[in-house]
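Novice: Sequences are here, hints too, so could you generate the full structure?
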Amino acid sequence: MQLTLPADFAYVTAVGTVGVYGLLQFATIKVSRARKTAQVGYPAPYAENAVAERDTKAKIFNCTQRAHANTLENLPIFLISLFHSGLYHPRAAAVGGLIWILGRFAYVQGYASGDPKQRQRGMFQYLGILPLFLFSSYKAISSLPIFA
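So that you can map any letter, position 48 of the sequence shown is 48 in the working numbering, and since no number is skipped, the others follow by simple counting.
Just to be clear, a hint being listed does not mean it is correct.
[As the list claims (entries may be wrong)] Heads up, simulated EDC-like pairs for lysine to aspartate or glutamate below, C-alpha to C-alpha not over 16 Å straight-line:
{"id": "1", "residue 1": "LYS59", "residue 2": "GLU48"}
{"id": "2", "residue 1": "LYS36", "residue 2": "ASP55"}
{"id": "3", "residue 1": "LYS57", "residue 2": "ASP8"}
{"id": "4", "residue 1": "LYS59", "residue 2": "ASP115"}
[Said to hold, decoys possible] FRET-style restraints, in silico, Cβ to Cβ:
{"id": "5", "residue 1": "PRO145", "residue 2": "PRO6", "range": "42 to 50 Å"}
{"id": "6", "residue 1": "LEU127", "residue 2": "LYS36", "range": "30 to 38 Å"}
{"id": "7", "residue 1": "ARG91", "residue 2": "ASN49", "range": "39 to 47 Å"}
{"id": "8", "residue 1": "LEU24", "residue 2": "TYR138", "range": "23 to 31 Å"}
What the hints contain is simulated information worked out from the structure, not anything from laboratory work. Glycine is no exception: its CB is placed at the ideal position from the N, C-alpha and C atoms.
Specialist: What follows is the structure, given as structure tokens:
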């Protein structure tokens, strides 16, 4: 079987590699700095709740770590939807992917403030991922033999 990628698929690849790498490095650096500032040693994934309730630095670390973890939790479905949609509409998929990545930057930055409500700054990410997810889901389901 030979797979021919659309001519503009490079846009999808750029968003899915360079964009995601930049996002993950941004989040990782923020977590590392917050961990050091809060003096939370390895391998502890979070500061204890009792400590975070009275120590702003520990709360900021917990919020930053949670933003990073949530980004990792969302990454698989994003990448699958991005690359699958990109096989059909590469430029639109790349734009959707870029919107999601920019939204995740805003989400991480807002959450890392220590105020969980500030993560809402990144809500526009859904304008990127929802079309990718819905289109990819539609193409996957409509391609099943039972619907042929």
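Novice: Could you run down the list of hints and mark each one as holding or not?
Specialist: Do the hints match the structure? See the list:
Between LYS59 and GLU48 the alpha-carbon distance is near 9 Å, which keeps this suggested pair within the 16 Å criterion. Taking the CA atoms of LYS36 and ASP55, the gap is near 14 Å; set against the 16 Å cutoff, the hint holds. With a C-alpha separation of about 45 Å, the suggested pair LYS57 and ASP8 falls outside the 16 Å cut-off, and the hint is violated. Straight-line distance between C-alpha atoms of LYS59 and ASP115 comes to about 9 Å, which keeps the hinted pair within the 16 Å bound.
Between PRO145 and PRO6 the beta carbons are some 25 Å apart, a value that contradicts the proposed interval 42 to 50 Å. The hinted window of 30 to 38 Å between LEU127 and LYS36 holds, with their beta carbons roughly 34 Å apart. A beta carbon spacing of about 46 Å between ARG91 and ASN49 agrees with the range 39 to 47 Å that was offered as a hint. Between LEU24 and TYR138, the C-beta spacing of about 28 Å keeps the proposed range 23 to 31 Å intact.
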